[in-house]
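**Student:** Here's the letter readout for the chains.
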Amino acid sequence: MTGLPLLRNLLLLAAAALPAPARAQLPNVAVERRLAQELSLRVGDTIRLGTAPDSIRLVATVAAVYEPRPDPAEIARVERHLRMHLPDLAALLGAPDRVDRFGVGLVPGTPVDSAVAALERNAFGFRAYSSSAIAAESSETFLVVSRFHRAIAIITIVASAVFLLCIMLLKVEERRMDAAVMRFVGVRRRTIFGALLLEAALVAAVGCVVGTGLALVAGAATNAYYRNFFDTALTFSLVTPGIVLFSVALSLVLGLLAGAAAAWRLVRTRPLVLWGRG
Amino acid sequence: MIPPPLLARDLRKDYRMNGETVHALRGVSLRVDAGDYVAIAGPSGSGKSTLLQLLGGIDTPTAGVVELLGTRLDALSDRELTHLRLTRVGFIFQRFHLLPVLTARENVELPMAEAGVARGERRERAEQLLAYVGLAHRGAHRATQLSGGEMQRVAIARALANRPTVLLADEPTGELDAATGREILELFRRLNDDGTTLIVVTHDDRLAAEAGRAIHMLDGTIRD
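Chains A and B are the protein sequences, given in the same order. Read in this note's numbering, the first sequence has 215 at position 215, and its numbers run on one by one without any break. Position in the second sequence (from 1) plus 278 gives the number in this note's numbering.
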C-alpha cells in the first residue's frame with residue numbers, strides 16, 4: 001500500500017536517539033512543519049509513537065518535514081499531523097484491517113467520476129468522494145461568509161454614496177452664490193449641471209482610486225497579521241479584479257447619481273433665490 | 279427708427295415679506311439711449327438694486343414692461359432670457375464674484391465659451407480686454423491672487439466679453455478703498471467715452487457725479 005493515511009489522535013510522547021544500525025530498519029514518518037517546530041524535530045531524528053500514554057511502543061525515524069496544504073477548516077484547530085505508511089500505522093494501532101480514510105491518487109487523465117463509481121462498487125464498506133466534492137462540502141461555510149462579506153461591502157458602498165451625496169449637497173450649498181452669478185451672466189442651467197456632474201464624477205473616481213488603494217493595503221496588512229497569528233499561508237483578504245471592477249462601477253454610478261441629485265437641486269432654484277434676494 | 283437699448287415703462291415690483299406686501303418699485307419709467315452713462319442713486323431700500331435686476335432680466339416685474347433693443351423681456355422664455363443676458367447685458371457686482379478656481383483670463387473667457395466663441399478667438403479677446411482694464415500681466419493669476427481693485431477690473435472685462443448692449447453695475451466701488459474706487463470710475467469714464475452704455479447703481483456721490491445723468495430714487499420711485 002503506497003498511501004499515506006492520516007493518523008488522528010496519535011500520541012507522540014518523546015524523541016530519542018537510537019543506535020545507527022537499529023535506526024536503519026525503523027519505519028519512516030513525515031512530520032508536519034508546525035509539529036516539527038514545536039518538538040524541535042529534524043529529519044533523521046527518532047521518535048516513539050503510541051495511541052495512549054501506556055502504549056508508546058513504535059519507534060520511527062523522521063524522514064521528512066512537510067508543509068500541509070493550507071486549509072481554512074483547520075485554521076483554528078490545535079491538532080498536529082504526521083504521515084506514515086499504512087502497514088506501520090496498522091502495526092501501531094494493532095488493528096491491521098482498520099482504517100478511517102485514505103486518499104487515492106489517479107493516473108493523470110483518468111476520469112474522476114468513473115474512478116469514484118468503481119471504488120464505490122468494489123470497496124465494500126467505503127464511501128468514495130472526489131476531492132472537488134469534499135472541497136465543495138467543506139467550503140460551504142466559507143461561501144456563506146463570503147456572500148455575507150459581499151453584502152456588507154455593497155452596503156458600505158451605498159452608505160459611502162449617501163455620504164458623497166451629503167458632501168455634494170454641502171459643496172453645492174457653498175456654490176449658491178457662484179451659481180447665481182453664472183446664471184446672471186448668462187450661463188445655461190445645463191452648463192452648470194454638467195460642471196457639477198463632472199466634479200462629482202472626479203470625486204467618485206478619486207474615491208475609487210483611493211478606496212482601491214486602501215483595500216489593497218488593508219488586505220495586505222490583514223493577511224500579514226493573520227498569517228503570522230495562525231502560522232499559515234492562507235489568504236484571509238482577497239481583492240480580486242472582479243471585486244475592484246464591481247466596486248468601482250457601483251461607486252461611479254452612485255457618485256454620479258449623488259452629483260446629479262445635488263446639481264439638479266441647484267439649477268432648479270431661481271438665481272435670485274440663490275443670490276439670497278428671492 | 280432704432281429702438282433705445284433700454285426702456286422701462288411703469289415698473290412695479292411687490293414682495294411678500296412676513297405676510298405683508300412690500301412695494302419695492304411703485305411705477306418707474308426710464309429710457310436709456312445708446313452711449314448713455316446713467317447713475318441710479320438713493321438710500322438703502324429705495325429700490326435701485328431691484329430696478330437694476332428688472333432691467334437686466336434677472337427678475338420679473340409685478341407690472342410694467344422692460345424692453346431691451348425693442349424686445350420685451352416678459353415675452354421671453356427662461357432660456358431666451360439667459361441667452362439675452364449672455365449676449366446683450368454685462369453685469370458687474372459689488373463683490374466681483376469671479377470664479378476662484380479660474381484664472382483672470384479664464385474668468386473673462388467664461389461668457390465667451392458659453393456663447394460658443396472659438397477657443398483662439400476668445401483667448402485673444404480676453405487678453406485684449408485684460409489689457410484694456412490694465413491687467414495684461416495678471417491673466418494667468420487665479421482670482422484669489424488678485425487685489426480687490428484687480429478683481430473688479432477682471433469682472434468688468436468679463437462683463438464686456440460678449441460685446442453687450444448695456445453694462446449694468448451694482449455698487450461697483452462699494453468694496454473698494456477710495457483710491458481703487460477712483461481707478462474704477464476712470465475706467466467707467468473711458469468705457470463710456472468708447473461708446474459703452476452704462477447703468478450704475480451706487481451710494482457713491484463721486485460716481486453719481488461722474489455719470490452723464492444721475493437718477494435719484496426714494497421709496498420705489500424716481501424723484502429726479
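None of these hints come from the bench; they were simulated from the model. Honestly, I wouldn't trust all of these hints.
Said to hold, decoys possible - Here chain A is said to cover these stretches of chain B; the calculated rule only asks that three of the stretch's residues, wherever they fall, bring their Cβ under 8 Å from a Cβ of chain A: (1) 304-318; (2) 447-461; (3) 481-490.
To be verified - Chain B side only, calculated, beta carbon under 10 Å to chain A, not exhaustive: (4) 366; (5) 371; (6) 375; (7) 396; (8) 441.
Everything numeric in this text was worked out from a predicted model, so none of it was measured. Just so it is clear, CB atoms sit at the ideal spot from N, CA and C, and this is done for glycine as well.
**Student:** Count the residues of the segment 304-318 of chain B whose CB lies closer than 8 Å to any CB of chain A, then report whether that count reaches three.
**Tutor:** violated (count 0)
**Student:** Residue count check for the segment 481-490 of chain B against chain A: does it reach three with CB-CB under 8 Å?
**Tutor:** violated (count 0)
**Student:** Quick check on the hint: residue 366 of chain B CB to chain A CB, less than 10 Å?
**Tutor:** Holds, because the Cβ-Cβ distance from residue 366 of chain B to chain A comes to roughly 9 Å (cut-off 10 Å).
**Student:** When I compare C-beta atoms, does the segment 447-461 of chain B have three or more residues closer than 8 Å to chain A?
**Tutor:** Since 0 is below three, the answer is violated.
**Student:** Is the shortest C-beta separation between residue 375 of chain B and chain A less than 10 Å?
**Tutor:** holds, 4 Å
**Student:** Does the closest beta carbon of chain A sit nearer than 10 Å to the beta carbon of residue 441 of chain B?
**Tutor:** violated, 13 Å
**Student:** Return the status of the interface hint for residue 371 of chain B: holds when the least beta-carbon distance to chain A is below 10 Å, violated otherwise.
**Tutor:** holds, 7 Å
**Student:** Holds or violated: is the Cβ of residue 396 of chain B closer than 10 Å to a Cβ in chain A?
**Tutor:** violated, 17 Å
The structure fails hints 1, 2, 3, 7, 8 (numbered hints given earlier, in ascending order).
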